[in-house]
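Whole structure, please, built from the sequences with the hints as guidance.
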Amino acid sequence: MSETPSLPRPELITGDKTLADVTNDICAPLECRPTGLWWAAIAVSLTALAIGVAAVWYQIATGIGTWGLNKTVGWAFDITNFVFWVGIGHAGTLISAVLFLFRAKWRTAVNRSAEAMTLFAVMCAGIFPLIHMGRTWLAYWTLPYPNTRGPLWVNFKSPLLWDVFAISTYLAISALFWYVGLVPDLATVRDRSKPGWRKRICSILCLGWNGSARTWHRYETVYLLLAGLATPLVFSVHSIVSMDFATAVIPGWHTTIFPPYFVAGAIFSGLAMVLTLMIIARKTMNLQNYITITHIDRMCKLMLSMGCLVGLAYGTEFFMAFYSGNGYEQFVFMNRALGPFSWAYWTMVICNVGIPQLLWFRKVRTTIPLVFLIVIVINIGMWFERFVIIVTSLHRDFLPSSWADYAPTSIEIATLLGSFGLFFTCFLMFCRLAPVIAIAEVKGAACLKKRRRAETPPAEKSPAEKIA
Amino acid sequence: MNNEANNTKDATAGLPGSVVGNSAGLNRRRFLEAAGFSISLVALGGCGRTPVETALPLVDHPEGLIPGNTLTYASTCSGCTAACGLLVQARDGRPLKMEGDPAHPLSRGGLCAVGQALPLGLYDDHRLKGPLHNGDPASWDKIDGNIKKQLRAIADSGGAVRFVTPTITSPTLQATIEALFDHYQFADARHVVFDVESCSAILDAHEQTHGARVLPHYKFYEDPAEPDGEPIAARVIVSFGADFLGTWISPVEFTAAWRKLRSPTAEHPVMSYHVQLEGRMSLAGSNADKRYRLLPDEYGIVLSHLAERLAESENKKSPPGHIAESSIPAAELKDLVDHLSNRLLDVQPGQSLVLCDSQNVADQLLVNFINNLLGNYETTVDVKRPSRQRQGSDADVLKLIEELKAGNVAALFVAGTDLTHNLPGREALVAAIGKVPLVVSFAERQDDFASLAHFVCPDHHPLESWLDAEPVDGVISLSQPTVKPLRDTRSILESLARWSERDESAYEILKTTWREKIFFPRAQQQSFRKFWNQAVHDGLVMVPPAKEISVDPFNSEAVRLADERPPQDGLSLVLYSKIGMTDSRHAHNPWLQELPDPVTKITWDNYVCISPALAEEEGLEDGDVVSVAAAGISVELPVLIQPGQHDRVLALALHYGVRGTDRYFHIGRQWLESRPTVAEGELVGKNVAGFVEPRDGALQYHRSGVTLKKTGRRHDLATTQIYQSLEVPKHIAPRGAEVRDQIQSTTLAAFAKDPLHAGASAHHLPDEQLWPEDHPKDGHAWGMIIDMNACTGCSACLIACQSENNVAVVGKDEVRRQREMHWIRLDRYYSGEGDDVEVQYQPMMCQHCDNAPCETVCPVLATVHSDEGLNEQIYNRCVGTRYCANNCPYKVRRFNWFNNTEWFDYELNGEQDSAEDSSLISLALNPDVTVRSRGVMEKCSMCVQRIEQARIQAGGRGAPIVDGAIQTACQQTCPAQAIVFGDMNDPDSAIHAELANPRRYGVLEEFNFRPTVTYLRVVKNTDERTPGHEAKGGRHE
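Protein chains in written order, with this note's numbering: chain Z, 1 to 468; chain H, 10001 to 11037.
Please keep in mind that the hints were generated in silico from the structure rather than gathered at the bench.
Just so you know, not all the hints are guaranteed correct.
What the hints assert, rightly or not - FRET-style restraints, in silico, Cβ to Cβ:
#, chain 1, residue 1, chain 2, residue 2, range
1, H, A10679, Z, L417, 55 to 61 Å
2, H, L10756, Z, I257, 34 to 40 Å
3, Z, N147, H, D10867, 22 to 28 Å
4, H, G10130, Z, R149, 47 to 53 Å
Ideal Cβ placement from N, Cα and C applies to all residues, glycine included.
As structure tokens, this is what we get:
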């Protein structure tokens, strides 16, 4: 941080922490017994997960017919959930890789959990293309590998196949990126742990980290390279997911705007989910000094910009439909806004474009309960965005004779619930098993003292506190 | 306690080397014992009960029988009394597929949905397994003895014997019944003909006007006898309620003939003019050029005005009487009569046809008067060689009911109809039947009447038995068995013969009758043996009538103008049959239960059709249960809002609420949120036969003075189409795209002017291909063209496809969830309001696009393009992502949401205890077509199995496949011959010629999907014409 900024920059870490404090604070959740709140949270998550598992088991045992789909609406909750979770998974890479390359240091407080979130979200997302298949047990047929069935090859023209590659690549890179970032912190945990299973596991996982300059050098190089590798993925994954729709012929799907529109939407929803988790985590795990109002404020700004992009995309779609002169295209958008699923459409618009406009106000951005409310609303809105795109385009397409309705069954709702259960279970486990904030990076990014205030003259109040 | 211990000790003490004593050590002997035991165990275990399968070669190998090859038998359809020609396709002794017989002069190769569904009935496990005596299984000998004894006693005591059947077109069965009567010399024996939908009034009217009680043979079109002669053609058709394309008398025959004048060509832009006046929306009405909504009570008044006007125009004497006042405003009535008379007089004498389904003899007399006036009796209305397809005499039936109630009947035989289900006043009738000492039923299952019978002597399924039919004088066809009887049933011919002390088989009885009654009277040149063999081979003989019907000159004395004032307000009830449910016995056929009614698109129920105006007035929506009551009878059914229906008419379908249909409780996959097709113990629909009114000596299918009351309850109706119009909802319609152009239509005048562009959409035609064609199709290029002007929407193709391609039945709940599996969707669209409601049909199946959107998106290449232009679905490669279905612009792909076939097989027939007891239903499956498992996509394959079959056969002969050698199932059965299939590359093929048809267009062709299935534009003859505007005869010369 510059000593003479034109505007005072808020400090990234408040509470006058020393380096040792940082380590202690962040490692604390790992080293003490879980709180009651954690137990309650994991109980709820596991219940949701169990309901989801039961629903999926029932669906696989009985048939896709247990979903509310029909001959016209072949995808609904399944692919909505898939796109929703993939979208959530975008913020992680964005924060880790893109902001890393832009040297946005405020990212350090949130990148670890954002990456973990990405990983879990992509896992959740990956489940849906698997279970939405009529014959899930043959899912491996979508992989191109030499086989004895002909050999039969996969269809490289199919966007679903591109999905297979995009999602698996993304999962692999995200996992690797997350893990590499974890290595120095795992070494810290190893060093702090008493002999036992945790120490043993961390010793293996930290790959013999010894904190030497050479280790750090190698680490930074790998991290930078991975960040460079991961950056295109932020844009490619959701672009490819959007091509499931954009390359189809169904009005409402068949639009060239989809790749950027989906990416913006994905980052939007990802940021909202990161914020949701961060607001919970800072409160429950006592990390207010690490995830500060400044962080939230900046995330909100980023979110606002994405929200406006998404709003622009909504408007563009309507304009393009009008401008195309294509009656089918125009009908689909009229039907979205005023047809039987208009409630979903307007939910989406209000949640994604309307309410986020509150974030223009600094007061709103720094009022945590309000921000929390807004991000929840955005999460809901972004889920509905996918639902609207998928269901309203399908349910009334070309031939009026085949128009159909759609309503989810209990099994579909339970499956959605289950995916949240899986996500939160993984996240809560992660909170207990690995440092939720990148200790090494926080230390590197923030100007921290080695000693406590008592040993140095008292510093001025931090700008953040002044603002507050 | 002590005692027990001592006992044990005592019990084991004396045994040498007892188990207890020696448990510690294992010596050599014990080891060998154990080893020996184990080996025996393993050996015995290995000899477990593997299923024993015996495959014995035929000892007496029939000539020409190659296992796995199809054998075709010419036969006669038994679905209704129309008796269409049938070619039964049997495989390895199993009749599997019904095809229309192209050589049949009436049905001309067509077959309706009911005919197509016949094989499923054969393999139905609920058919009786043998004869019953008072509800218990008994032996045939015992039953024969009993019945003979009782008949003898009745003959001696002079009791009345009544034999009730529906119309019998079979000369042999007729003769056999008469032989039974003759044998016992009953003092009072009568054969009562009871039709569930009687045309008794037509016959009675002809008795009065022509002196012969006959049903005319209506000819919509008949080819000229000489090549350059004039055909018989009904160029103007005026039908008062007669659904001649749907269920009336002989719909397949009528459709085939009607269609002849419905396809105008550029060179010859001529078509018939069809006006329908009716209360409900019938299939014929929905295909008419002009349709008027008319209360059935007022047919007489309109007919009277028409008769008066025509008589005036032709300078003939008008029938006497004073026409009563009508509820139709005078000006409207005048316009209507003007219009009808102008049109009827616009064509030459004998080129029109007036039909009426009224059961009122006075109405029918007026119809006869008009047809006579128009000179139709020489041509389109043939009474000299009349039809025998409806012989019912309601007067006889009503008399029988009186006799039964009076207890004057000693023996009651009922064959081919469920008497108590189909007659009104069931309670009283059941009580009356209880008084009859001998009640015999020939029903194939325990139907309502059979459950009252003392003896049930189940007849064979028609596919198991010998019989004949003479639907029209001189057209005699044979039914022959195509499978050994599956059950211990007996042909009715044999049963009657046994009771007449004759020991002949049905075959011998039939042959004897043919020799005596058909062959000899006509003194054929050839030997009988040759004649008979040819008849069995062809399934059909055409002979001059045994005796010319003597018809008196037209007697107009009886004709009077309608002077009875119909009710001016209140509701009127019309009873009708649905296309697939023309008789209560078809209720046991799940294909027909799940067949969407062509007009309403509802499956699995009957309902009250009401007009939109009435619905609004009463505050009713689809599915609201109402109570319909008349004269103390009431029934509760859901309503269905039917555009185009008269505002004062309620329409109810007969033949529902059939005993035994509670079996469908089991059908379809049951899961967490599913609802059974019928609630446990309940029946499919409700029986409304109680509303049939005996009035004026006939059974009336319409009655006035009906009330309608909302009950507040709801009953979900399962429909296959939830949006009914090509017009998109008004509030979301983009400007300029308010109406979709999937069905393009024009009028005859516009078509004559510009055949190519009339009715065509303005959008641009397909672009050039961006990439070179990767499927050049230089061999065959299969294609299909559907003439939408010929297609009536009758849905025969739908069942033909279901039978050919093993399409599953899914049950009401799945249909309600929009998941029916039919490969052909018969789209039906309404447009207009009130009198102007127009209906258009479009069969929509896989369009086999050259640029198929489904093919590119499948991740596993489970749907690919063949080098002959077919879009192929590879079931065992499919992983079920449903992406192809989503991306299909025509939405014609069907996904197996559950394991439909398995559930159909086992659930239809309830729980099966063991493999031996397994259901027969799976025998109805076509072995050439894979049965799809759950989780895979399926769709129309253009009957690829038939293409391959033809290829194999042609390949065997080393010859190319000739045009016409391959007929898809839908094409084969189409009564209207609306479908052309073939090789578009073959310059001599029928489809190649049709490619140049100016009416041809592809649905959504502007998107460049390049569908291989294309359609011929609809041309309606709706142009206003002034008399004398064109040459008489309707020709554009």
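Against the structure, the hints come out as follows:
1. A C-beta distance of roughly 31 Å is found between A10679/H and L417/Z, which places it outside the suggested range of 55 to 61 Å.
2. In this structure the supplied range 34 to 40 Å holds for L10756/H paired with I257/Z, their Cβ-Cβ distance being about 39 Å.
3. Distance hint check for N147/Z and D10867/H: the Cβ-Cβ separation is about 24 Å, which falls inside the suggested range of 22 to 28 Å.
4. The hinted range of 47 to 53 Å is satisfied by G10130/H and R149/Z, whose Cβ atoms lie roughly 50 Å apart.
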